Amino acid sequence: MSAKAYSVIGTRPIRHDGADKVTGRALYGADFTAAGLLHGAILRSPHAHARIKRIDISRALAYPGVKAVITSADFPEAAERTVDMGEGDTPLSYARGNVLAIDKALYRGHAVAAVAAASLHVAEEAAALIEVEYEPLGCVLTAPEAMLETAPQLHEGKSNLASQFQHVLGDAAKGFAEADVVVEREFNTATVHQGYIEPHNATALWNNDGRVHIWCSTQGSFVVRDCTAIILDIPVSQVKVTPMEIGGGFGGKIPVYLEPVAALLSKKTGRPVKIVMTRKDCFEATGPTPGSFMRVKIGAMKDGRITAAQAYLAFEAGAYPGAMVGPAGMTVFAAYDIPNAVIDGFDVVVNKPSTAAYRAPGAPNAAFATESVIDELAQKLGIDPLEFRLKNAAKEGTRRVDGPKFRRIGCVEVLEAMKNHPHYSAPLGGPNRGRGVAIGFWFNVGLQSSATLNVNADGTVNLVEGSTDIGGTRTSIAMQAAEVLGIPVADVNPSVVDTDTVGFTAVTGGSRTTFATGWAAYEAAQDVVRQMKERAAKLWEIDATAVSFDAGVFTSGERKLTFKELADRLPATGGPIVGRATVNPPGVGGSFAGNIVDVEVDPETGKTSILRFTAVQDVGKAIHPSYVEGQIQGGSVQGIGWALNEEYYMGADGTMMNSSFLDYRMPTALDLPMIDTCIVEVANPGHPFGVRGVGEANIVPPTPAIANAIQRATGVRMTRLPMSPPAIMEALWRESSSQRSSGN
Amino acid sequence: MKWFDYECPRTVEAAVGLLSAPGRKVRALAGGTDLLVQLRAGRREADLVVDIKEIRELNELRLDSTGLTIGAAVPCYRIYNDPAIARAYPGLIDAVSLIGGTQIQGRASLGGNLANAAPSADAVPVLIALGARCLMAGPAGARSLAVEDFCVAPGRNALAPGELLVSIHIAAPASGSGAAYLRFIPRNEMDIAVVGAGASVVLDGNVFAEARIALASVAPTPLFAAQAGDSLIGKPVGEASINAAAEIAKAAAKPITDMRGTAEYRRHLCGVMTRRALTRAIARAKETN
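Order-wise, the sequence lines are chains A and B.
Start counting the first sequence at 408; every next residue gets the next number (the numbering used here).
Start counting the second sequence at 10; every next residue gets the next number (the numbering used here).
The following block holds chain A by itself, in its conformation from the complex (with noise of 0.2 Å):
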């Protein structure tokens, strides 16, 4: 499929959006303005474990300026329930405490009031009269802790282990048994941030009809809309979400926090009501990935045949249940055919910020685990390390341990790729320096979007969709709707609408939406092209199934029409045309991406210099290259700030201690080569394109590729996250010290 010659689906166009963006024109959730607007701030807990025992908001409710103070006691009346916030089912009073505390503050940072006033400088001096007796509770920050009996309880009654699972497929005892080789290691990954560069932000106008308008900066607008509803207890019809340009999201822009917030402070006041986080609220308040506990055990025979692996991953929900574990646990041993595994997973609350998605949600960690045991089974058994995961790597047809069996997939060619890549055979050039391989997994989701298409007069169509756009979807949703039309992209006018004006969209997520809302495009361009053939078989008197339609033009015979010619004649043949089509689609199509990396430590600092990374990814088909390559690029950047810096620095008050870009160490430009991107299209039987998703496979394999290029440049297993400069040093302090003590 991918051999087939498109016209439009591969070009490199100019993004719609472009202008406005490079032009500061794009308006972003914080520059919304309106009438009237009040400003609100938020009073955060100083604690990470507290029992509210009183909240006096008179102080603040009579300063100069205020309009309104609320807190958890202004939630209207509704009975505890369970509730689907998009993550599944969620008792309410969860769903709630989360955006305003209820009874205990369960994270540092944790929203406990909030205040509207005329200026934002009156707000937040407001919110520091409001008096909060709290009454501190012990805090527990890391999953193991957090398992055992003598830890503090997050939510009475309830045990921290919020839930386990466990698959199973073979027999692991019978293939340890069998193996020749058997590696185990504990793993360790910090908590850390998506650190999208634009903060959360929202306005919301309870408007005296009842409906509530928002308008706000969010990967889902029906998200917002759906979990906003829930919150204040009224149905989905009484809200519209405005969705503004969104400066990254990366799932950290899933669920809600400031909306409901505002929606209430404007119910109060009958005025619109804005708030805008700070980059710190975004660090302490908002979801970031889980920080994990992992143990993985693999075995393999002396040819180099994985007979077992078993893995153990305890990860940190934050303060409601919900830890990422699930997807860890389904492509920790995706990569591979292994006939005899179990796999268990662990749901821990901690006192940290409740956890959100962050690409690939979960799969980074387990790779880290995995990739490196690969790695070190590959070295004890003297294999080529991209040979011995060709050895074992899972093709069509092959069962996955938690259950499905794989399609049409591209893990073989990724890795044929990376062996053939001329990166993989240069020379290292110089001491210190080691290369590393490492591969992983993201499943993709599909899930509901809709599309319409709206034909003008001069042959162009207007697209209305409902995707945010994060990563150029605009335009990789129009190319697939242009291709269908046989028009220039440029002649299809794309618009990301409010949930007033939109069919149902599920969440720019899960590398979904070139997939799904493209789809929708190409169905509904599939709609125009029928009705159009209908309007052109009008005009030549003849059946419409004997007008055909390719590259643009209409035919029957020796009678032709453009596309342009004939969206000119639509009054005189019947009036105006809109396509229309929703999906659900179930065809979606997993990704694998691949990295080789070339580190060099330095042995008397222990800081590790990036000099060439190699990120090779199936994508299926990729629609519009440069963007393929943007995200191929991007979640390698922030792999790398993953591996190397980035971690919450808690300190054990449960105090986050560098919540700040400044301390919070990601990557500059300064830190990075150029990404070398390989573009692997094993086309995607389950879309019309064979598009599969690729925002979010890129960003698994390169902590074990840097950990694996580490181990070869030191001599040293790094199997704790970050593996930044101090760790590094401690740990080639450990070997040398353990060199000399065992004589070496």
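You can take every hint at face value.
Straight-line Cα separation of at most 20 Å, EDC-like style, residue types lysine to aspartate or glutamate; simulated pairs:
(1) A:Lys945 - A:Glu965
(2) B:Lys11 - A:Glu531
(3) A:Lys511 - A:Glu538
(4) A:Lys687 - B:Asp267
(5) B:Lys11 - A:Asp688
(6) A:Lys675 - A:Glu484
(7) B:Lys11 - B:Asp60
(8) A:Lys687 - B:Asp200
(9) A:Lys647 - A:Asp438
(10) A:Lys581 - A:Asp751
(11) B:Lys62 - B:Glu16
(12) B:Lys295 - B:Glu248
Hints listed in this document are in silico derivations from the structure and should not be mistaken for laboratory results.
The structure displayed is predicted, hence computed values, not measured ones.
Go by the hints and put chain B onto chain A.
Just chain B now, kept in the frame of chain A:
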């Protein structure tokens, strides 16, 4: 951020008068790259902010036979953009080109970096190594102080109430002299020194005639490791003398464990960075000979 009053005096006397206002929390503002951030984050408070950028003496940047005078409000870019200064004081240039990014350097001043009195201040170790002096003016008149005596605690300097840092003076470089500043950061930019080392040497042939070493981020204030420098005097330039000085600097450090590194790691880095800074200073000294 809380409201504050703002004044922009034109003379040192007027500034001293404003800074002496009784009963008010007054802060001097040069580039504002530390102060405004601290005010916004609530880490410092001010009722009155006195902008010192319009005062002539505080904008003076003069290289003459006595050495270099840098007004307290002179932004970093003016220092490294002056070719004569860059030639004469490459060690100083190491530091001023590290403070913030290019845009920050358009505003951030050397005087502010010193007066902010952060243990991690990049400019201070090399100023100490170069034997620089602070010139201050206050209600009681003018005085001067060695830079190593200027910072007294994290975020606190030796300025008396009402006193203003007017300029910093560095003596003309001796022949056979060289200086350098190096810092260790986990990233390659946008970071605070985990450890910084400034070194200045004067060589007489292959023998150290003078040497001064100072460190950042390893004590409550920028640390003058006098004994480390003194240990070099009279010794031949070489690995043995450099390593010995680095060990003394390491022993003088009193680092803490925080999000930027453990105490043990920082102590180790003191040795590494001292050695590297000395090596670079020596190379420069040999170039000028």
